[in-house]
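In the order they appear, the protein sequences are chains A and B.
For the first sequence, the working numbering gives the first residue as 35, with consecutive numbering after it.
For the second sequence, the working numbering gives the first residue as 13, with consecutive numbering after it.
Where hints are given, some of them may not hold.
[Said to hold, decoys possible] Pairs of lysine-lysine residues, derived as DSBU-like cross-links and limited to a Cα-Cα distance of at most 35 Å, are as follows:
1. B/K289 <-> B/K316
2. B/K178 <-> A/K284
3. B/K20 <-> A/K206
4. A/K71 <-> B/K297
5. A/K206 <-> B/K337
6. B/K316 <-> A/K127
7. B/K104 <-> A/K205
8. B/K316 <-> A/K200
9. B/K197 <-> A/K205
10. A/K284 <-> B/K220
11. B/K178 <-> A/K127
12. A/K127 <-> B/K96
[As the list claims (entries may be wrong)] Stretch-level coverage of chain B by chain A, calculated; a stretch enters the list once three of its residues show a Cβ under 8 Å from a Cβ in chain A:
13. 192 to 199
14. 213 to 226
15. 290 to 300
Worth flagging that the hints you see were computed from the coordinates, not collected in a lab.
Yeah, the Cβ is synthetic: ideal placement off N, Cα and C, and Gly gets one too.
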Amino acid sequence: MSFNEARDVLWIASILYLFAVGFGFASTYFSKNNFCKQATLLAIIIGFFLQTRGLYLRGLEISGCPLGNNFERIQFITWSLIVTFLILRLLWKLNLLGSLCSGMAGFFGIISLINARWDHKYWIETSYQRLFSDPWIELHASIAIFSYGIFALLAIVSAMYLIQRKSLLSKKSGIWGTFLPPIHDLDHSAFRLLLVGTLFLSLSIIVGGMHWIQHPEYVTSFKLFITLLLWAGYSILFFLRYSNRLFGSKFAKTAITLFVVAIVSMGFVNSKSRNENLPITSFQPQDE
Amino acid sequence: MSNSEKSKSLHLLGSSHHIADLAVREKISLPQDKIDEFYNGLSALPGLDECLLLNTCNRTEIYGASNNGFSSDLLHKYLSDFRKIDPDFLHKHSYRHSGEKVVRHLFEVTAGIDSQMVGETEILGQVKKAYEDACERNVSGKMLNRLFQKGFQAAKWARTNTGISKGQINLGNVLCEVARRIFGKVSNSRLLVIGAGEVAESAMEAFKSRGSQAITVTSRTFDWCPLSRRKPDELAEKFGGFALSFSKYQESLHHFDVILTSTASGRSLISEIEVRKAMKHRPAKPLFLIDASVPRNIDESVAKVDNVFLYNMDDVSAIANENLKSRIAEVERCRNVLSKKAVRIWEQMTHHAMPSSSASQSTASNS
Numbered sequence: 035m036s037f038n039e040a041r042d043v044l045w046i047a048s049i050l051y052l053f054a055v056g057f058g059f060a061s062t063y064f065s066k067n068n069f070c071k072q073a074t075l076l077a078i079i080i081g082f083f084l085q086t087r088g089l090y091l092r093g094l095e096i097s098g099c100p101l102g103n104n105f106e107r108i109q110f111i112t113w114s115l116i117v118t119f120l121i122l123r124l125l126w127k128l129n130l131l132g133s134l135c136s137g138m139a140g141f142f143g144i145i146s147l148i149n150a151r152w153d154h155k156y157w158i159e160t161s162y163q164r165l166f167s168d169p170w171i172e173l174h175a176s177i178a179i180f181s182y183g184i185f186a187l188l189a190i191v192s193a194m195y196l197i198q199r200k201s202l203l204s205k206k207s208g209i210w211g212t213f214l215p216p217i218h219d220l221d222h223s224a225f226r227l228l229l230v231g232t233l234f235l236s237l238s239i240i241v242g243g244m245h246w247i248q249h250p251e252y253v254t255s256f257k258l259f260i261t262l263l264l265w266a267g268y269s270i271l272f273f274l275r276y277s278n279r280l281f282g283s284k285f286a287k288t289a290i291t292l293f294v295v296a297i298v299s300m301g302f303v304n305s306k307s308r309n310e311n312l313p314i315t316s317f318q319p320q321d322e
Numbered sequence: 013m014s015n016s017e018k019s020k021s022l023h024l025l026g027s028s029h030h031i032a033d034l035a036v037r038e039k040i041s042l043p044q045d046k047i048d049e050f051y052n053g054l055s056a057l058p059g060l061d062e063c064l065l066l067n068t069c070n071r072t073e074i075y076g077a078s079n080n081g082f083s084s085d086l087l088h089k090y091l092s093d094f095r096k097i098d099p100d101f102l103h104k105h106s107y108r109h110s111g112e113k114v115v116r117h118l119f120e121v122t123a124g125i126d127s128q129m130v131g132e133t134e135i136l137g138q139v140k141k142a143y144e145d146a147c148e149r150n151v152s153g154k155m156l157n158r159l160f161q162k163g164f165q166a167a168k169w170a171r172t173n174t175g176i177s178k179g180q181i182n183l184g185n186v187l188c189e190v191a192r193r194i195f196g197k198v199s200n201s202r203l204l205v206i207g208a209g210e211v212a213e214s215a216m217e218a219f220k221s222r223g224s225q226a227i228t229v230t231s232r233t234f235d236w237c238p239l240s241r242r243k244p245d246e247l248a249e250k251f252g253g254f255a256l257s258f259s260k261y262q263e264s265l266h267h268f269d270v271i272l273t274s275t276a277s278g279r280s281l282i283s284e285i286e287v288r289k290a291m292k293h294r295p296a297k298p299l300f301l302i303d304a305s306v307p308r309n310i311d312e313s314v315a316k317v318d319n320v321f322l323y324n325m326d327d328v329s330a331i332a333n334e335n336l337k338s339r340i341a342e343v344e345r346c347r348n349v350l351s352k353k354a355v356r357i358w359e360q361m362t363h364h365a366m367p368s369s370s371a372s373q374s375t376a377s378n379s
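Please model the entire structure based on the sequences and the hints provided.
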């Protein structure tokens with residue numbers, strides 16, 4: 035275990051996120067327990083700094099933005115999720131949101147760490163082209179992944195909405211119903227997240243488009259199609275919600291579905307990584 | 013038992029809802045105008061240094077502290093004589109505790125776990141009032157002072173660290189809790205009450221106490237609400253709200269977030285078509301409907317409309333009962349901890365030197 039090894043640091047960050055979930059639920063259940071409340075935020079913040087360090091170390095290793103394989107993309111999305119949560123926390127607070135965000139970040143973080151096939155060393159391959167050496171495409175990728183983080187948060191808020199709604203319709207005051215935020219607040223938060231996420235995704239497409247005009251050979255038409263489809267999906271969702279044509283549970287379900295589509299399609303939108311299925315067992319270059 | 017323990021003790025004679033039904037409690041309970049007379053006789057009982065009367069609708073309890081071999085039989089005889097009830101009848105419907113058990117009992121009373129509605133907080137206020145009354149009369153001394161101060165602390169601990177007060181059990185408060193889960197702040201939601209039964213009044217009271225400024229009342233018979241025997245405009249005035257003409261409420265449904273019906277009309281007052289029409293004006297904003305009438309005033313099919321939450325009295329009562337169950341589940345845990353605390357406090361009380369009766373009374377009067 036070393037603080038100079040990206041994966042080691044990311045392991046600790048993921049575990050801290052899972053600790054935050056435990057503290058978060060404990061602080062919610064024992065509402066007067068200030069220690070648990072502070073411990074939740076502290077665990078998330080420390081986890082976030084460690085995750086930032088882990089991604090930074092990986093960035094140094096590949097000399098660019100670490101978005102080249104599924105492991106890096108998942109780590110980057112969960113990092114975006116946490117940074118969005120920490121920023122939004124200053125603006126408005128939703129009970130249990132921190133716990134669920136850190137739960138998602140911890141769970142997917144560990145899944146990505148366990149699955150060695152997702153973290154192949156694409157940068158040591160001879161066929162690897164340093165796409166991210168271009169600052170424009172790096173900016174495009176980081177903004178796009180950041181918007182994915184916001185959409186992840188939107189999916190969590192939408193799931194919270196559906197749980198609270200179900201609890202209200204079942205006419206029982208279970209633990210979830212009692213502690214989750216009101217559906218009115220969740221609905222408002224989801225709308226604001228959708229607005230911000232769509233803006234970031236649009237910005238990333240504009241930046242990516244500028245690069246594509248100069249180097250169309252880097253982008254496959256399939257990637258272009260998937261990206262625009264996703265952008266169109268979120269934009270349509272935004273306008274439907276804005277015009278009050280899609281709201282409530284249908285809106286929440288659509289937001290979750292779109293996020294699942296975004297995650298599933300993520301593997302397709304990276305056109306430059308090759309031989310992604312080569313597994314690694316350690317960080318020592320295998321081919322050297 | 014040490015000498016110090018022998019020389020001082022606590023006594024309790026009481027009757028409560030656990031052991032006596034309402035009719036019996038009425039016989040044992042002390043009328044307000046007899047309290048002075050009761051205290052005069054009680055404090056004059058030989059051997060009783062300190063005393064305190066807790067007299068509520070659910071319990072009548074006499075707490076006493078003595079320095080010598082005082083017998084609680086005296087308390088029993090005094091109460092039966094004072095209330096002119098048969099001693100055997102009182103014996104059957106009362107309980108007696110002494111020493112550590114008194115401490116434990118008081119802790120359970122102040123914490124609300126001995127109450128009829130487990131976890132209710134009203135009892136703590138009543139105990140505080142009884143204690144203040146005893147202090148003003150100079151009948152509570154060092155021992156009872158310490159006992160009751162510790163009782164208040166125990167109550168605070170129980171409410172903070174256990175779930176005995178979690179969840180609302182009053183119907184008006186349950187409605188507010190559901191409204192909170194839908195709209196967030198209850199103070200921002202607009203309430204329309206159609207008719208005005210007891211539940212409606214309870215709901216209005218709960219909404220008002222949470223800062224709701226927009227309470228509107230309407231009724232079929234605008235001049236008279238048969239269920240509450242009040243005029244709607246009187247009710248509106250009582251809760252700082254507005255009275256709405258019954259002919260206009262259907263076209264104003266979309267203005268309200270929470271609508272409660274409580275009439276004896278026996279027919280449908282709000283149909284699915286009317287709700288769908290109202291929701292067109294507020295598609296993304298939820299609507300909370302409560303049908304507190306039997307037979308129902310709101311069509312059941314209204315629940316199918318998106319963003320509409322329809323509850324009837326059975327639903328609200330089920331939540332209240334569910335909350336009560338979860339409180340009861342916490343009682344045993346709370347009781348165990350309070351019991352340990354009671355043992356500790358009793359040990360502290362019995363291992364300190366007792367001041368004289370006069371000194372005790374002086375302390376009480378200064379407290």
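Against the structure, the hints come out as follows:
About 14 Å separates the Cα atoms of B/K289 and B/K316, which keeps this hinted pair within 35 Å; it holds. Proximity of B/K178 to A/K284 is assessed by CA-CA distance (about 33 Å); at most 35 Å being required, the pair is judged to hold. Restraint check: the Cα-Cα separation between B/K20 and A/K206 comes to about 51 Å, which exceeds 35 Å; the hinted pair is violated. Using a Cα cut-off of 35 Å, the hinted pair A/K71 and B/K297 holds, with the two alpha carbons roughly 31 Å apart.
For the hint linking A/K206 to B/K337, the alpha-carbon distance of about 13 Å falls within 35 Å, and the restraint holds. Between B/K316 and A/K127 the CA atoms are separated by roughly 31 Å; this keeps the pair inside 35 Å, and the hint holds. Between B/K104 and A/K205 the alpha-carbon distance is near 43 Å, which puts this suggested pair outside the 35 Å criterion. About 13 Å separates the Cα atoms of B/K316 and A/K200, which keeps this hinted pair within 35 Å; it holds.
For the hint linking B/K197 to A/K205, the alpha-carbon distance of about 20 Å falls within 35 Å, and the restraint holds. Our distance criterion of 35 Å between C-alpha atoms is met by A/K284 and B/K220, whose separation comes to about 34 Å. Between B/K178 and A/K127 the CA atoms are separated by roughly 22 Å; this keeps the pair inside 35 Å, and the hint holds. The straight-line distance between the Cα atoms of A/K127 and B/K96 is roughly 62 Å, outside the 35 Å bound, and the hint therefore fails.
Check on the stretch 192 to 199 of chain B: 5 of its residues sit with their Cβ under 8 Å from a Cβ of chain A, so the three-residue criterion for coverage holds. Residues of the stretch 213 to 226 of chain B lying with their CB closer than 8 Å to a CB of chain A number 0, which falls below the three-residue condition for coverage. Coverage of the stretch 290 to 300 of chain B by chain A holds [criterion: at least 3 residues with CB-CB distance below 8 Å; count 4].
Hints 3, 7, 12 and 14 from the earlier list are contradicted by this structure; the remaining hints agree with it.
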